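Engineer: As a plain string of letters, each chain reads:
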Amino acid sequence: MSSNTIVIGVIGADVHAVGNKILDYAFTQAGFKVVNIGVLASQEEFVKAAVETGAVAILVSSLYGHGEIDCRGLRDKCEEAGIGDILLYVGGNLVVGKKEWEPVKKTFLNMGFDRAYPPGTAPETSIEDLKNDLSQGE
Amino acid sequence: MSSNTIVIGVIGADVHAVGNKILDYAFTQAGFKVVNIGVLASQEEFVKAAVETGAVAILVSSLYGHGEIDCRGLRDKCEEAGIGDILLYVGGNLVVGKKEWEPVKKTFLNMGFDRAYPPGTAPETSIEDLKNDLSQGE
Amino acid sequence: MEVVNKKWPIEKLFAQREEILKTWETGNEVADIKKGIEYQKSIPKAKNFAKKLKEAKENKVTLVQPRAGVALVNEHIALLQFLQDEGGADLLPSTIDSYTRQNRYAEAQKGIEESVSSGRSLLNGFPAVNHGLENCRKVVESLKSPVQVRHGTPDARLLAEIALAAGFTDYEGGGISYNIPYAKDVSLEKTIYYWQYVDRLVGYYQENGVEINREPFGPLTGTLVPPSISHSVAILEAILAAEQGVMNLTLGYGQCGNLIQDVAAIQTLEELAEEYLVNNGHENRQLTTVFHQWMGGFPQDEAKAFGVISWGASAAALAKATKVIVKTPHEAMGIPTKEANAQGLRTTKQIINMLKDQTLPESKQLLLEKEMIKKETRAILDATYKIGEGDWAKGAIRAFESGIIDIPFAPSRFNAGRILPARDNDGAIRLLDSGDLPLTKEIQDFHNEKIAIRGKAEDRDPSFQMVIDDIYAIGKGFLVGRPS
Amino acid sequence: MEVVNKKWPIEKLFAQREEILKTWETGNEVADIKKGIEYQKSIPKAKNFAKKLKEAKENKVTLVQPRAGVALVNEHIALLQFLQDEGGADLLPSTIDSYTRQNRYAEAQKGIEESVSSGRSLLNGFPAVNHGLENCRKVVESLKSPVQVRHGTPDARLLAEIALAAGFTDYEGGGISYNIPYAKDVSLEKTIYYWQYVDRLVGYYQENGVEINREPFGPLTGTLVPPSISHSVAILEAILAAEQGVMNLTLGYGQCGNLIQDVAAIQTLEELAEEYLVNNGHENRQLTTVFHQWMGGFPQDEAKAFGVISWGASAAALAKATKVIVKTPHEAMGIPTKEANAQGLRTTKQIINMLKDQTLPESKQLLLEKEMIKKETRAILDATYKIGEGDWAKGAIRAFESGIIDIPFAPSRFNAGRILPARDNDGAIRLLDSGDLPLTKEIQDFHNEKIAIRGKAEDRDPSFQMVIDDIYAIGKGFLVGRPS
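Residue numbers (the numbering used here), protein chains in the order written: chain S, 1 to 138; chain P, 1 to 138; chain G, 1 to 484; chain Z, 1 to 484.
The shape of chain S in the complex, shown without the other chains (with noise of 0.2 Å):
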């Protein structure tokens, strides 16, 4: 796989826009090219813009605790567009309130998410992992 294209966005009714802002800085810099659809984003952009720009992956933001709701069926509606072995990662504060990690990261992960991440984590982090999984995926 040559694309080194990545979707990010925030999504649902989130309009948390600064941590979007060092994501695209964050990956531009680490050599991807970043197609950033912004906050208040739906699943059905996320995955138009994925197909648009042959994109390897999408980073899914949510900072505001509706992250189960909003990202329920979003492997589904790739699948349904032909891009069902896309990589999806998600992180933020993904539920409500104060929980522990464990069960929090297996809902995601039994969402159809590859990876999922905690609040405070560096862009370093998932920027590594992306760069891992791409390679294994060669």
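None of these hints come from the bench; they were simulated from the model.
Just so you know, nobody snuck in bad clues.
If we take Cβ atoms under 7 Å as the criterion, some of the chain G residues that face chain S in the derived model are:
no.: 1; residue: Tyr99
no.: 2; residue: Asn124
no.: 3; residue: Lys184
Note that the coordinates shown come from a computational prediction; the quantities given were computed from them, not determined experimentally.
Where is the CB? At the ideal position from N, CA and C, for every residue including glycine.
Mind docking chains P, G and Z on chain S? Use the hints.
Structural biologist: Then chains P, G and Z, alone, in the frame of chain S:
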């Protein structure tokens, strides 16, 4: 019992003088005759002062966490000195560390104290208790 | 659509509200506006936000207020009662969920239903529109203190109708502060217009003897916002609200972390707002201030979070803000438990009470900071007025188009996004790149010099990396993001 | 016994130490003083207190240090390692138990035995004398940071011998500060003499190339102590220590709670000490400062306690003290768990780090406060020197006899106990009754006026009740104890 003399002091190797001075003031204001033996007071000093002044109560303070070691045997010493039924109160930070109060209280009541007070008790509380205990004894 | 800053004839409001009340089924419950006014008049003085703020301002006391909201009515009431009784909150909120903020009432309904079936709140706030009039009144009636609606809703007309009729006595937001940081694709023409509706509605209640307080959202994106930017927006929204008949205004500011800058900001915010309101013909407005504890990233560790909360409480108290919005030790983890929320309140109140007799004394540094904030804010506001050809509404719209006002890290495409803030060597927020802000050379030089001193101390050229370092700094235990 | 402030010939120390080392069986383990010096020289620089303080002072950083000590060696080591690793303590303590402080080693032994059998510490500190040389070295060797002995021992000669030989590089206390607040019946002649021994011992180590830091105990009774009183004692003890050859001194001050007074106190403490040391012929001493977070009563609630801790951390950071001694959220309940102790450290460190680039700027109020503290302290010290006929040791003894120095709420019968402190309307500590302090009319008027303003604000005559209200105030959530 017509005496209103009480003995107050800080037991053991304890040098906390502030509360002692406030108790002195508060009980005096409340109409008691206060015999204050100060800090670093031994069990013997408490008993001796109570015998000499015909006191109706001994109020022991302990602020430094060694209360359990320091107070053990005080009731026996009172009995030996012929003032076995004198009122014995104790209060302060009686044990090392943050502990549940009820078990601590029980320990001190079992040692022969009539009342035991947790950290942060206002002087008014023990003044009222003492007045009640003394009027019931009449 | 051309929006101008001119008081709406009441008929315009009444005509429009017929449409607005149809946008969700609960709207018709508030159709008779007289009943809302009557209900408001029955609320005791102690539960009126504007009156409680007035008293606090006179007594130079800083009140504490949490953020809080959950999906279901009884749980929401229990939460607020807990914060009132166990947290000692002086003022109460009802924070609205994110679906309602986007007028997605159907999704909010789904969130309510899933919350019922799962037994935990799946919404990040209280969906007041869906719950409707009687449920909202139940909230207000269950509490001893005044309650404010806090949200982030670009089009908050229906929410305002229900909230006011239900007895809420304070309403947060504004046509700029609830658009640029909260929306991506909504034009300022639209949101200023929507908020003229809200302000005219508040003005109508006022004309009928009901004091409602209004609070533009001060911190904006909450991320390294220079005081002159947030002051400009707050004062613009104050003028727009006052024109529609709003008499009680609380202007806000989000803590930057440098004590001198924070105190200077609160003091200048009130002084400048008073000046601009009076100069625009709006006399006798009740002006109070709100200080937001640190709005950026928090440390994960609760003990460290208590440190961040406390420093915010200290700055609020020393600045003598009228109220302070409180964070919690769970901040880094998302929405807090009610216990954590009450802890944040008690920590804050302990400090507020300990410092109530103290202020930050006047110093050369404080005077300079105040002078620079005033010069900058006047430069921005005066350019806004000019480009609006003497109309503040038109001016606001054009100022954002041209970058005369520019909010860092905002999601809206109607924001220029050309400025770049960074901390100076003392931790005050300065401009690394001032984009198209209409700053004089004197002001530019001031910023450049301040940033240069830091660059020299850190032996690096100021860049976006410095900005990122500053954004993560407090979460890592520092104010200034120095290279390690 | 006539004690004079004159450096002991080394033979006097050596003769006395033979007797001292016999007062408990572990004494003979340190009989060969050369071995102690050799061992100290093997300690790496990073673990030397004086050197770490020097570096902090140069970098204008405030270091954090907890209080901690338990009965048994392994538990004590585990506790300190926890505070180092989980709390991020920069400097470590070994707080000594109260029996050892009264030289009651047999009772301390009983406490050790009961702690072993009951499985929990029945002592409120670490009985270093009973544990002896090798156990104490094990403590020092198990830690990465410098370790100080903190106690409250009027006669701390044997403890000092063991501590220094074991590699502790800082020793708290002094002939006044560990007598008047810590004893009832011990004369100042005796304790000044005992502490000349300790200082001469430190001086001997110094002459042999080992830097040991000494720290007079600043907060005294920790209860409404006016800065001029604690400054006078600190500077007196600094002069007495310097005479015996001590080169490294950390002078202390306990937070009063009014920011301006606290910052003024730390700044004047260093300025005055420097002045008096140099004027008395002691050049080139390393002077650092320690700020003690609030030493009085704490709120029971942990969230509120975090507020009190944080305000202390803020004042320490803005005053740029060299180190801060940290309280814990369990303070009101007695001795804290190790987790609570680490929380206090992390909260403090978050604030220290956030404020490291900030200071309290110069203001009229700060300058006035500094000026008054200096005038008062000089009045007390100069009267002390005079009554001592040019000898600081004799002066100290006679000053306490005559009330020239007078510590509020002290247990010692050698303290006059005639002064009465109370807060003024801004929360600063003033004198309600200045007893026999040698204050000029200007200073007296200053205090009277400040107290009168408060009395008027509270509509009551200042009295002992006001003092009691102030003592309980912080525990109840306020700094100034106003009538409710």
